[in-house]
Structure formats: structure tokens, C-alpha cells
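Trainee: Here's the letter readout for the chains.
There are 2 protein chains.
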Amino acid sequence: MDEPVEAVAGVLARQLDVRLAVAESCTGGLISHLLTNVPGSSDYFLGSVISYANQAKIHLLDVKPETLAIYGAVSRETVLEMARGVRQLLSADIGISVSGIAGPGGGTIDKPVGTTWIGLSAVGLDRAWHFQFAGGRLEIKQQAAGMALNLVVDYLQQGILDQSMPVQDG
Amino acid sequence: MDEPVEAVAGVLARQLDVRLAVAESCTGGLISHLLTNVPGSSDYFLGSVISYANQAKIHLLDVKPETLAIYGAVSRETVLEMARGVRQLLSADIGISVSGIAGPGGGTIDKPVGTTWIGLSAVGLDRAWHFQFAGGRLEIKQQAAGMALNLVVDYLQQGILDQSMPVQDG
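Residue numbers (our numbering), protein chains in the order written: chain B, 11 to 180; chain V, 11 to 180.
Since the hints were derived computationally from the structure, they do not count as laboratory data. Just so you know, these numbers come straight off a predicted model, no measurement behind them. All C-beta atoms in this analysis are idealised placements derived from N, C-alpha and C, irrespective of residue type, glycine included. Be aware that one or more of the hints could be misleading.
[Claimed, not checked] Covered stretches of chain V, as calculated for chain B (at least 3 residues, CB under 8 Å):
hint, segment
1, 50 to 57
2, 63 to 75
3, 89 to 101
4, 107 to 116
5, 144 to 154
The task is simple: from the sequences and hints, build the whole structure.
Mentor: Here it is, written out as C-alpha cells:
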């Protein structure tokens, strides 16, 4: 049986000795719940901020009020600031962030229900991805959480590849 | 069918116009995930701190290092400071906190796997409860999260009773 993505992320984090921090908005704690279902996850998972209210994004994660006012809570700019913010707040190596519209309310023509941004911040790297998920509230949370963990795994696997290069050259 | 406890907590929070904040350690985000499964929960759920690492408890929730050193992370004293800390951090009316040993590792003779403390902080009230849950890691998380939400419901129902008294007297 394939291991769940949160277990794979854990194995890679341990191998690379990196510590993770998470800033969740629309996933509401699901990413953290999945990560902490893995025994021993306290070795690499430092913690999370579930910033449901905008005030939590501003005060805890250092998201700029102007960013929220200009681009909105569900935007590339906001998830990048969330990911950087939680990484710094918890002195982590990698910060992951998610902000989206889980529905059933809150959708607009520009940003319909299911619109989701995911951010990743590491030393020398800040990246964001946009997704459009379908389904009910819980399904959207699950898809967003799964995708965020997959992106962490992709990033960590790249780190493994980078580390292994000198060995291949040697 | 009975409504899940997180939906009942939401109905009560809305009726009483109170805002909730959560500090989770061993439940790792599950309480926040359950609360945010309820559509419209952003009206009363402000956010959470998942303080897995002790440094997160100290820096974000203002838990005193001495409290952790003397009583340990899984203790009445720590969950009380966590509940107060998250309530103040997010300017919430009610702060709920959980710290326990989800296992399979981390248990001791004094504090075996399943040992869980739950704290609740509101204006003029700080309370903590001790539980001993059984089962695997996920089962312990689920029991701890369910119990924390039940304690919130109990507290909010008391608030409803208090509010209804003048009407009964009048």
C-alpha cells in the first residue's frame, strides 16, 4: 500500500533535517492534523497558525493590511506573506500556507468557491500556486490539504536530488 | 440524526455572540479542522495556534518556560496558560487548549500515553480538566478533540442558561 503523503513528507523532512511550519486559512487545521497523525512528527513539525480571521493573518503572520486590502485574503501575495510569516514566527526551515474559498458561501465571479492559493517559503525560495478545486466544503479542504502536502514532498524531493548530486559526481 | 458537537458549538457561539480561539498540542489541528467543517464558522472561529514545539508554546502563547520545566507540557498549569494565551493573542472571548500524549511514544509511568489536559479560558473563568484516553494515536486525538468541543458546548450552554435567567425571573 502506498504511504499517505503526510508520512512521505515526514520521511523526507527527517532525511533532510528540516523543520516545517504551516499557516492555514481555508484548510482550517487539516494539514496540521494530517501531519501530526504520523507518529514522531514532533521531530520535524514545529506548529501552525490557523489564521481564519484576517486579524490573525495580520497580527500573527505579519501579512500586510495593504496586501489583504489590494489583493484579498485569497491571493498569491497573501499566501506568500503567510508562508514567510509562519516560517519566521516558528523559526522553521519551510513555511507552507493555504488560503482559499471552501464554500458554500464566499465565492465571487472572480474567485468562485474552490479557488485556492498555496504558498511555500524556504531559504532563498518563495513560490505560490493557484488551484481550482470542486466539490463540497470538506472535499475542497481535503483536496487543498493533500495538494499542499504534495507540493512539500515535491520540494523536499528536489532537496534530496540536490544533495545527492555531489555523490553522483564523486 | 444528532448534529455533530462542532455544529452545536457553532450554533451556541452564534447565539451568544462569542468568538473562539484554540491552542492545540496533541490534537494537532483536529479541533480547528472540525470547527471549520461547519459552514459559516468564520463568523465565530478566529483561529488557532498549533503549538507542537515547546518554543511555539512559549513564544506564541506566552506559556512560561518555568511552567514547562516544573509541570511539563502535559499539565493543568500549561493548558491554563495556553488557553489564556490564545484567548489574548487572538482577542477571543473563549480560549480552548489541549495538551496530551497521543503516543505511541512519549508516555511515562506518571503520564502514560492517552494522558490529556484540556483548558478553557473566558472572562473571569479559567478551568482545566484531566482525562485518560485509550486507543491508538488517531483515536486519542479524536477523543481529546471531541471532549474539548463537548466542554465548550457545556460552557456555552451554561451561558445560555445564565442569559435566560432574567427572562425567567421577569
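Trainee: Could you run down the list of hints and mark each one as holding or not?
Mentor: Hint check results:
| no. | hint | verdict |
| --- | --- | --- |
| 1 | 50 to 57 | holds (count 6) |
| 2 | 63 to 75 | holds (count 5) |
| 3 | 89 to 101 | holds (count 3) |
| 4 | 107 to 116 | holds (count 4) |
| 5 | 144 to 154 | holds (count 3) |
The structure is consistent with each of the numbered hints, conforming to all of them.
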